[in-house]
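Asker: Chain residues, written in single-letter form:
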Amino acid sequence: MSQHEIALKINGETCTARVPARLTLVDFLRETLNLTGTHTGCEHGVCGACTVLLDGQPVRSCLIFAVQAAGCEVVTVEGLAPDAVGMSVLQDSFCEEHALQCGFCTPGMLLSAHALLQNNSAPSEEDIREAIGGNLCRCTGYKQIVQAIALAAQRLSVANAPTADLPKRP
Amino acid sequence: MTADAPTGFRYIGRRRRPKEDRRFVVGAGRYAADVMLPGMLHVALVISPHPAARITRIDATAALKLPGVRAVVAGDELAQATEPVFTGLDLPKMKRYPLAPGVVRYVGEWVAVVVAKTRALAEDAAELVEVEYEPLPHVIDPEAAMAPNAPPVHADHGSNVFYRRRFVWGAVDADFGAAPHTIAYRARWHRSATVPIETFGVLARWNPATQLLDVWASIQMPKFPDNLARALRLPGSAVRVHFDVDVGGSYGVKRGLKHSIVVGYLTRKLGAPVRLIEDRLDNMRGGDAHGPDRIFDVEMAFGDGGLVRAMKMRAIDDVGAYAGRAPLQLGKPVGAIVGPYRIRSVAYEPISVSTNKTPEEAVRGFGQSPTNFAIETGMDLIARKLGVDRVELRRRNLIRKDEFPYTIPSGSTYDSGDYHAVLDKVLVAADWNALMRRRDAARAAGRLAGVGLSCCLEPSGGNAAFEPLLNPKNETTTWMEGCHVKIDLTGAVVAAMGTSSSGQGHETLVSTVVGEMLERDPETIRVVHADSLGALPSNSPVGSRMAIMLGGAAAGAARKVKSQLIAIGAHNLDAAPEACVYADGAVALATDPARRLSWTQLVEIAHRKFHLLPPGMEPGLQATHVWEVPTGGALPTADGRVQMYPCYAFEAHVVYAEVDRVTGQTALRAYFVGHDCGVMINPDIVHGMTYGGIAHGIGAALYERFHYDGNGQLLGGSFMDYLIPSSHEVPDITIVDHCTPSPLTTFGQKGSGEAGYLGAPAAIASAVNDALAPLGLHIASLPMTVAALGDLLATKDRAK
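Protein chains in written order, with the numbering used here: chain A, 259 to 428; chain B, 31 to 830.
The hints are simulated quantities; they were obtained by calculation from the structure and are not laboratory data.
Heads up, a few of these hints could be off.
[What the hints assert, rightly or not] Chain A side only, calculated, beta carbon under 8 Å to chain B, not exhaustive:
#, residue
1, Lys-267
2, Glu-271
3, Cys-273
4, Thr-294
5, Phe-323
6, Cys-330
7, Thr-334
8, Phe-352
9, Leu-358
10, Gly-361
11, Phe-362
12, Leu-375
13, Ile-390
14, Arg-396
15, Cys-397
16, Tyr-400
The structure displayed is predicted, hence computed values, not measured ones.
Each residue gets a CB set at the ideal place from its N, CA and C atoms; glycine is no exception.
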């Protein structure tokens, strides 16, 4: 198995590693870098639990080899919060709406939603359902997830950073 | 009893962010696959490609030559070193081992495991293991398997019937003889499951110095540590299961006992930590986590007005190649065998049949959702036969509010309910008449449109009464849950529960009820999952039991601590405890509230000032409470009457659906559910589980099936062919709450973990059949896939 030197940016930090050609990006993140917030649910690109941002776009990290991410910028769930102790508005909104149960699909769901909100500041319910259409959740039936993303959009339209005065759910 | 949420609670029933959510949204959940130990080895599986075969040779030479491969272990070696896997029924001749010793009985059955330094290496090596088989006759169809000359799945057992008994409760024959009308029908529930997004995973580490096996597993299984220790021939004190592992969904199926036996054996053999994480194909094919696969043959006898007097139900369940706990899923529905209806006599014949398929495991509702579907199919058929409105028919049959507590023919007593009120509420919320107009307008425009309805029960509280019912040698009547509550020297409250959680929000549950009892902010209360050596006796979150049982255990322990606080206060106020009041953590004289001891003072006395403690009181502030399921504890009667679960939640579903006349695709356009699970501890959690249960029910009704061909091959094994509903298939759902408190529980709560799933398949089938009715078509087989409905519609086209 051939080995390759790669350099990429992960959650804002430059990272270099020597990896086997067949190592998937998700295994690289989880097993090599111990970034275990990214989960594997199917390893064939359907469930979306392994979703990360690659140069800003949500992708399935189980369908990409680590070597293919060389030179790219990767964002995982560990990189969504503004700092080590806080939460992003979206993450906080997931808590506010209880948009999760077992939490296993949540990181992928958050990254798909994050990408949506980067491009669409006022998504309709249909836009939200479309954006998370590739992220399977077995616990929630999606309703509270849709509500959380709508709440985050509403909050972000008020302020671009988390504050103590975020709108609460009615 | 009140229809509104009870008042008077400080924290219960109020909106509150679940305690668990924050760690999950920042990616700090800790699942089984996230626990990684230095030197950890990885397992890959060698599986059977045959539905039935004798293993004639296994050659691992090439596999063992690969650098990094540590071991290849097959069935004979493991069977020598371990006890067979737990079986729920009385089947002494049916032995089940994690790795097949000698004979394989389904496609996907584990034949050998390969252990290597990485999972990729292990998989490479698994492909190099040569196994030769001599194929044996197999049987796939459960009814064919019941024939006397059918190929035996377990030759030693002598038959493919694992269990069969005909229960008769009440004057069934007389009621049938006297009734002016009867119907007979078949309802088919094909094999699906809960299929969590996290597959099963387990890591084990044997420490020879301490003689202790540490286990981190994504487990949701009653008595898992005991079963694992017994299988590995270890004392329970040598197995430490870490229940603080987050479980990525389960809904019943995460019972990886065989996986855990394998890694438990391997870590002792190899002296290194060993982990086994299923990939999706492993999970679907050989994870032994399929759900009920049932054929119901039902007869109902009823009067001119549609009042159902008697029912005969035969339920054949295809449990696959081995019987674990799954066949007991034929027993649980005995506790709600008449659904929410006043049916006065019942004959019930559960038949558990073995075939050459992947074994079945417990699935959300433990057999209740298929049974509810079978009952509700009959209610719609009766309405159609008599020309009575479906809603009216149910109103006539529903147990009335003034009849509770209500004992059904099979011996279980329903605790409380107001079914008519819940039904009325959901009909108003859905605007039933408007839905009918919408349906009629769609039909006028040439579309197939239907409105569906279902009413059903969610038995909750989870005991094991079905064990002695289906296996007289098993006298289990205890099904306890425990909790430990303490206040430390700093005045902080910590509660310990004794199982893992798979998304149910138990930390929120426990902190809320302990906060309620002690009048402390739940935010400040820490809840931990004790490991199995430190845990109190507990039975895990099965049978919609934790709000009732863990909630009751936590409240009971907190109540004891509170009485200690009161006793300390009273002693130091020179008063009797009855003369004192407890408020916000302080104890004061009732007649002179200015004379009081604060929380801090009480805690100080308990921990440091023995001289101020009441005589005979233990120092420190801590208490445990372990309790039995309310109404539990009795064996079944000789004729099989038994109190199954204690509490009965009720739900009424209304759904509007359209079926594409050409493709057979069903779209759900509106969904409403009326739900009464008594007092909700945390409404967001209850609602979330109900939405999710409905989504799961949509899958069972329309998409999900483990399909086998005649050669015993599983046609699928990925999310490309086993279709879980996405955000596109699950419509916006409206829940209408109602509250009839249970008289049996601490706060009036009932269970809700299976909510939604129990009634959704029946309601969707009702809607699809309403849509098909103008064509004269009917379907009583789930899932109603595009293929199934397309074929059915095509028969109509051909007939034209």
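Asker: I'd like to know which numbered hints this structure contradicts. Please list them from smallest to largest.
Answerer: Failing hints, ascending: 1, 2, 3, 5, 6, 12.
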